[in-house]
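Enquirer: In order, the protein sequence lines correspond to chains E and C.
Heads up: the first sequence runs through residues 7 to 249, numbered per the numbering used here.
Heads up: the second sequence runs through residues 501 to 820, numbered per the numbering used here.
Since the hints were derived computationally from the structure, they do not count as laboratory data.
None of the values given here were measured: they were computed from a predicted structure.
Where hints are given, some of them may not hold.
[As the list claims (entries may be wrong)] List time: in silico DSS-like cross-link candidates among lysine-lysine, alpha-carbon distance up to 30 angstroms:
1. C:LYS636 x C:LYS552
2. C:LYS641 x C:LYS623
3. C:LYS641 x C:LYS684
4. C:LYS727 x C:LYS582
5. E:LYS214 x C:LYS794
6. E:LYS214 x C:LYS662
7. C:LYS765 x C:LYS597
8. C:LYS667 x C:LYS678
9. C:LYS636 x C:LYS678
10. E:LYS214 x C:LYS727
11. E:LYS214 x C:LYS744
12. E:LYS214 x C:LYS684
[Stated by the list, open to error] Some, not all, of what chain C presents toward chain E, calculated at C-beta under 10 angstroms:
13. ASP621
14. ASN622
15. ALA722
16. ASP802
17. PRO806
Note that beta-carbon positions come from the ideal geometry of N, C-alpha and C, so glycine has one too.
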Amino acid sequence: MIALAAGGPVIPTFGGGGSSFTCERANRLFCSSWLSRNWGPVLWPALRQHIVLTLIAVTIGFVISTTLALIAYRRRWLERPVLIITSILYTIPSLALFELLEPVPGLGLSRTTAEVALVSYTLLIMFRNTLTGLREVPDEVRDAAAGMGMGPLRSLLRVELPLAVPAIIAGVRIATVTVISLATVASLIDNEGLGVPILTAISNEVFKTELIAAGALAVGLALTADGLLVIIQRLLTPWTRAA
Amino acid sequence: MQRSNYRRALAGVLTVAVAVAVAACGSSSSSSSKSSSKPSSSAATSGPGAGKPPIVIGDKNFTEEYILGSLYQEALEAKGFKVTLKGNIGSSEITYKALTSGQIDMYPEYTGTLLTAIAGDNKPPTSAQQTYTLAKAFVEKHGLTVLDQTPFYDSDALAVTKAFAAKNHVASIPDLKKLGHSLKLGGAPEFATRFAGLVGLKQLYGLNPTFVPLAIGITYQAIDTGKVDTFDAFTTDAQLTSGKYVLLSDPMRVFGFQNVAPVLKASLVNTEGPAFAQTINQVSSLLTLDAIRKMNAAVALDQQAPATVAHQFLAANGLA
Numbered sequence: 007m008i009a010l011a012a013g014g015p016v017i018p019t020f021g022g023g024g025s026s027f028t029c030e031r032a033n034r035l036f037c038s039s040w041l042s043r044n045w046g047p048v049l050w051p052a053l054r055q056h057i058v059l060t061l062i063a064v065t066i067g068f069v070i071s072t073t074l075a076l077i078a079y080r081r082r083w084l085e086r087p088v089l090i091i092t093s094i095l096y097t098i099p100s101l102a103l104f105e106l107l108e109p110v111p112g113l114g115l116s117r118t119t120a121e122v123a124l125v126s127y128t129l130l131i132m133f134r135n136t137l138t139g140l141r142e143v144p145d146e147v148r149d150a151a152a153g154m155g156m157g158p159l160r161s162l163l164r165v166e167l168p169l170a171v172p173a174i175i176a177g178v179r180i181a182t183v184t185v186i187s188l189a190t191v192a193s194l195i196d197n198e199g200l201g202v203p204i205l206t207a208i209s210n211e212v213f214k215t216e217l218i219a220a221g222a223l224a225v226g227l228a229l230t231a232d233g234l235l236v237i238i239q240r241l242l243t244p245w246t247r248a249a
Numbered sequence: 501m502q503r504s505n506y507r508r509a510l511a512g513v514l515t516v517a518v519a520v521a522v523a524a525c526g527s528s529s530s531s532s533s534k535s536s537s538k539p540s541s542s543a544a545t546s547g548p549g550a551g552k553p554p555i556v557i558g559d560k561n562f563t564e565e566y567i568l569g570s571l572y573q574e575a576l577e578a579k580g581f582k583v584t585l586k587g588n589i590g591s592s593e594i595t596y597k598a599l600t601s602g603q604i605d606m607y608p609e610y611t612g613t614l615l616t617a618i619a620g621d622n623k624p625p626t627s628a629q630q631t632y633t634l635a636k637a638f639v640e641k642h643g644l645t646v647l648d649q650t651p652f653y654d655s656d657a658l659a660v661t662k663a664f665a666a667k668n669h670v671a672s673i674p675d676l677k678k679l680g681h682s683l684k685l686g687g688a689p690e691f692a693t694r695f696a697g698l699v700g701l702k703q704l705y706g707l708n709p710t711f712v713p714l715a716i717g718i719t720y721q722a723i724d725t726g727k728v729d730t731f732d733a734f735t736t737d738a739q740l741t742s743g744k745y746v747l748l749s750d751p752m753r754v755f756g757f758q759n760v761a762p763v764l765k766a767s768l769v770n771t772e773g774p775a776f777a778q779t780i781n782q783v784s785s786l787l788t789l790d791a792i793r794k795m796n797a798a799v800a801l802d803q804q805a806p807a808t809v810a811h812q813f814l815a816a817n818g819l820a
């Protein structure tokens, strides 16, 4: 009825059998043997994908929200509609948004779908922070810039934007940490990132090493990214330290 | 003085923005070719699959499907095909929809499930071959086809603990009828609406249990803690080797015949060339009950990654 390959398949021992997996078979809370075996094939690729997902989302979100903020800075009427739309996007539960985007033609179970959702969560935070940062530049400073003969563009690029950097970066920090956390949920529709080992581990009834390891990586990534952004801010605004 | 600070700050902002953008683009292009983790990738750039359209393979939401997905992926990649694996998509119903809506090109499906859960055909077939033929006829009406089925079968089965079986004198599914509505029966949510599930158990055996929906990974935990009395197990589950559980016999074959056959877009067989179907059929022909049980154990008990286990099996059989 069903043709078998001559002599049947060769069945390897799969890593040496039970004695190589005592910790795993006993379902101890944390198996370092699992970690060393799965860092290369499972965790490292997942971490790399997670970083890429985050970088793309934050970069695109930064470009969109900064552009909108710069326009709204000069054209006040734009602020309200942008705030309303980005606030609505921000309040949609992530799980629902991923499921809503999935049937849209051209999106489906892809990285694009994940990025569209992730970007939409960064807009409100970065738009509001950038706009607030620009608005908080003291009028005297703006006047001084004008008095020095700077036109509006030069004043924006050389005076107002630099002074808004701490507020802008504060927005980038919140957006980045948010995206790192949400990107674990994105693995439901885009099978990559740290959400993959986390989801696999959740459906595992007894063995918890994978959940602990992947969870710790996600937390560690968020802390590292936040720390890096603090350093970037310090480098960009040396005057805030000099005081 | 102040001025030069601002200039430096502005230059800094621009440098960082550009650096971030470049990093994002650079890393995205280098990793986009790969969406699943796999050890010592042997993806060939030559071979019969080179230059053929890329294929998206999906798999369902449990261990055996992850292994099957990885097996077909790596065997095809070794022949030069370009393959993306979308793992852990969901239940049969969801994964089949992903196939018909074009999200994926192929996934490994159980012939009996195809017939009952997808086609809604509730007349239990009498043999594995009949199940395969009926399933094939059904999918071909929808622009799909199936390749050869595997020697192994993984049918659903009701499992109880040894202690429960002894206490209540049950050895087969009809023995559960006397427990009436007090019987707590666990299974994935879709089990409640399938003929090869609660519907068939009611119709064929007159059971009227209390249904407890369970996530697929926690069924053994649920029976160990007494949350359920019996649950929907799979005959190839690695946990069954522990001897703590008894599978109840199914004299009316409500769970049917469940060999695996990859279901795929019919057009793929032509566009991918003859080596495509040959490679997949070659992999399927190697999947005996013994082989798949040992691979399930390596993943479920030894906690190895499905792709690692698939790679070892293919390498041992000259297909990696």
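Enquirer: Look at each hint and say if it fits the structure.
Expert: Results of checking the hints against the structure:
1. C:LYS636 x C:LYS552: Cα-Cα ~25 angstroms, so holds.
2. C:LYS641 x C:LYS623: OK: C:LYS641 and C:LYS623 at ~19 angstroms, within 30 angstroms.
3. C:LYS641 x C:LYS684: violated, 39 angstroms
4. C:LYS727 x C:LYS582: Not satisfied, since the Cα-Cα distance of roughly 45 angstroms exceeds 30 angstroms.
5. E:LYS214 x C:LYS794: This hinted pair holds, its Cα atoms lying about 22 angstroms apart.
6. E:LYS214 x C:LYS662: holds, 27 angstroms
7. C:LYS765 x C:LYS597: holds, 12 angstroms
8. C:LYS667 x C:LYS678: holds, 13 angstroms
9. C:LYS636 x C:LYS678: violated, 38 angstroms
10. E:LYS214 x C:LYS727: Judged against 30 angstroms, a Cα distance of about 21 angstroms means the pair holds.
11. E:LYS214 x C:LYS744: OK: E:LYS214 and C:LYS744 at ~22 angstroms, within 30 angstroms.
12. E:LYS214 x C:LYS684: holds, 27 angstroms
13. ASP621: violated, 20 angstroms
14. ASN622: violated, 24 angstroms
15. ALA722: The hint holds - C:ALA722 has a Cβ within 10 angstroms of chain E, the shortest such distance being about 9 angstroms.
16. ASP802: With Cβ-Cβ at 4 angstroms, under 10 angstroms, it holds.
17. PRO806: holds, 9 angstroms
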